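Quick mapping for you: the protein sequence lines, in order, are chains B and Y.
So for the first sequence, the working numbering puts the first residue at 1; every next one is plus one.
So for the second sequence, the working numbering puts the first residue at 1; every next one is plus one.
Since the hints were made in silico from the structure, they are not lab data.
Note that this is a predicted model, so its numbers are computed, not measured.
Treat each hint with caution, since some may be false.
Said to hold, decoys possible - With a cut-off of at most 27 Å between alpha-carbon atoms, the simulated BS3-like pairs for lysine-lysine come out as follows:
hint : chain 1 : residue 1 : chain 2 : residue 2
1    : B       : Lys74     : Y       : Lys29
2    : Y       : Lys74     : Y       : Lys10
3    : Y       : Lys10     : Y       : Lys29
4    : Y       : Lys4      : B       : Lys74
5    : B       : Lys10     : B       : Lys29
6    : B       : Lys4      : Y       : Lys29
7    : Y       : Lys74     : B       : Lys10
8    : B       : Lys74     : Y       : Lys10
9    : B       : Lys10     : B       : Lys74
10   : B       : Lys4      : Y       : Lys74
11   : B       : Lys4      : Y       : Lys4
12   : Y       : Lys4      : Y       : Lys29
13   : Y       : Lys10     : B       : Lys4
14   : B       : Lys4      : B       : Lys29
15   : B       : Lys29     : Y       : Lys74
As the list claims (entries may be wrong) - Counterexamples of contact, computed for chain B against chain Y with all Cβ distances above 12 Å:
hint : residue
16   : Asn52
17   : Glu91
18   : Arg98
19   : Gly111
20   : Gly124
21   : Leu125
22   : Arg127
23   : Gln147
Just so you know, even glycine gets a beta-carbon here, dropped at the ideal spot from N, CA and C.
2 protein chains.
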Amino acid sequence: MEEKVRTLSKLFANHFTAQLDTVRLRTGKITERLKIDHPEAAAVLPFLDTENILMVRQWRYAIARETLEIPAGKADPGEDLLTCARRELLEETGYHARHIIPIFSYHPAIGYSNEVIQIYAAAGLTRVSETQDVDEISRLEIVPLAQLQDLIRTGVISDGKTVIGVSLFRARQAHGEIPADFFA
Amino acid sequence: MEEKVRTLSKLFANHFTAQLDTVRLRTGKITERLKIDHPEAAAVLPFLDTENILMVRQWRYAIARETLEIPAGKADPGEDLLTCARRELLEETGYHARHIIPIFSYHPAIGYSNEVIQIYAAAGLTRVSETQDVDEISRLEIVPLAQLQDLIRTGVISDGKTVIGVSLFRARQAHGEIPADFFA
């Protein structure tokens with residue numbers, strides 16, 4: 001294991017902190033580690049029907065460009081991840097899902113962040129709001145799953161959670177792990 | 001797009017920075033964004049033969065536990081990603097690869113980091129050093145690819161780059177995109 005010796009500096013954002021620690025490695029050597037303390041997050045792979053995925057186009061400040069992703073967001077304090085997934089789907093797309101199932105939970109940036117993203121798949125979608133979060137989302141796009149897999153393989157889509165959502169949904173489908181009534 | 005209004009605070013680590021900015025959203029609203037300026041990184045899915053993957057067990061300070069992952073690391077200043085991948089493979093495992101091919105490049109934490117991880121697959125491995133980086137790596141493990149896919153599906157492995165490396169290698173293989181002489 002690695003033990004903290006002391007925190008050298010710390011940055012407080014609204015929903016998380018970043019801190020630089022001096023740590024003692026298992027060999028005794030001293031080094032520095034950045035650690036981001038991040039709330040858990042949820043993402044949703046939303047099926048409009050058996051073939052088509054509902055996606056969001058949004059500006060990403062950290063990479064200074066617009067991307068095409070599955071809906072996602074951080075959990076509010078005390079909010080469970082399923083509630084978070086439903087809320088983000090509604091806020092970002094205006095849709096409610098009749099069926100929502102867990103697909104995969106993972107660490108996106110294990111080297112410097114404790115963030116966990118729980119990915120769900122959703123189906124039985126109904127539009128319940130005509131508006132979406134215009135601060136965050138430029139527009140909705142409907143992308144056939146086969147085309148989405150091509151956009152990933154050809155490198156057009158580079159967002160980790162979207163890649164993992166599609167890949168693990170397919171893996172679970174191949175293993176018969178998607179309930180028969182999921183698309184009903 | 002989103003424009004920076006000003007930087008509120010900044011944290012300098014050895015190889016990257018984290019900063020909290022006030023930004024103006026496309027709607028005119030003002031909010032805060034964390035942005036980590038991170039060097040590019042490389043990861044390697046190393047095949048000992050057609051069936052077995054060479055993996056590393058290491059302590060992850062950000063999540064305070066040991067994990068099983070594919071070898072990976074940040075590029076040194078000026079270092080290209082292929083050189084970085086070969087160096088990390090050698091440092092973390094002691095192996096040199098005769099064949100190394102790009103598999104996928106992605107953004108692991110698009111919401112707050114500009115990090116890009118370029119994943120390679122490697123084969124034709126030869127052990128050229130008996131030691132590996134004992135500061136970072138607890139031990140090497142050889143994991144059959146089929147078992148690795150099970151460890152992912154069952155949630156034992158939660159490291160994003162390992163999941164994407166395996167998933168995209170499989171997708172490229174299914175599309176005939178892995179060169180016939182890769183394992184030769």
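Hints, one by one, checked against the model:
In summary, the hint linking Lys74/B to Lys29/Y is supported, as the alpha carbons are separated by about 19 Å, within the 27 Å threshold. Between the alpha carbons of Lys74/Y and Lys10/Y the distance comes to roughly 21 Å, so the proposed pair stays at or under 27 Å and holds. With a C-alpha separation of about 22 Å, the suggested pairing of Lys10/Y with Lys29/Y holds against the 27 Å cut-off. Between Lys4/Y and Lys74/B the CA atoms are separated by roughly 22 Å; this keeps the pair inside 27 Å, and the hint holds.
For a cut-off of 27 Å, the pair hint linking Lys10/B to Lys29/B stands: about 22 Å separates their Cα positions. Of the supplied pair hints, the one linking Lys4/B and Lys29/Y is violated, its CA atoms being roughly 39 Å apart against a limit of 27 Å. Pair hint Lys74/Y plus Lys10/B holds up; C-alpha atoms about 22 Å apart against a cutoff of 27 Å. Distance restraint check for Lys74/B and Lys10/Y: the Cα-Cα separation of roughly 22 Å lies within the 27 Å cut-off, and the hinted pair is therefore satisfied.
About 21 Å separates the Cα atoms of Lys10/B and Lys74/B, which keeps this hinted pair within 27 Å; it holds. This hinted pair checks out: Lys4/B and Lys74/Y have alpha carbons roughly 22 Å apart, not beyond 27 Å. About 34 Å separates the Cα atoms of Lys4/B and Lys4/Y, which puts this hinted pair outside 27 Å; it is violated. With a C-alpha separation of about 12 Å, the suggested pair Lys4/Y and Lys29/Y falls inside the 27 Å cut-off, and the hint holds.
A hinted pair counts as satisfied when its Cα atoms are at most 27 Å apart, and Lys10/Y with Lys4/B qualifies at roughly 21 Å. Between Lys4/B and Lys29/B, the direct Cα distance comes to roughly 12 Å. Compliance with the 27 Å bound is thereby established for this hinted pair. Our distance criterion of 27 Å between C-alpha atoms is met by Lys29/B and Lys74/Y, whose separation comes to about 19 Å. The claim that Asn52/B lies off the interface holds: its Cβ sits roughly 20 Å from the closest Cβ of chain Y, which is beyond the 12 Å cut-off.
Listed as outside the interface, Glu91/B is consistent with that label: its C-beta sits roughly 14 Å from the nearest C-beta of chain Y, beyond the 12 Å cut-off. The Cβ of Arg98/B lies farther than 12 Å from every Cβ of chain Y, with a closest approach of about 25 Å, so its non-interface assignment holds. Separation of Gly111/B from chain Y is inadequate, the least Cβ-Cβ distance of about 7 Å not exceeding the 12 Å criterion. With a cut of 12 Å on Cβ distances, Gly124/B stays outside the contact zone with chain Y, its closest approach being about 24 Å.
Even its closest Cβ contact with chain Y, about 24 Å, leaves Leu125/B beyond 12 Å, as expected for a residue assigned away from the interface. Every CB of chain Y lies more than 12 Å from the CB of Arg127/B, the least distance being 22 Å, so the non-interface label holds. The beta carbon of Gln147/B is kept farther than 12 Å from every beta carbon of chain Y, the shortest such distance being approximately 14 Å.
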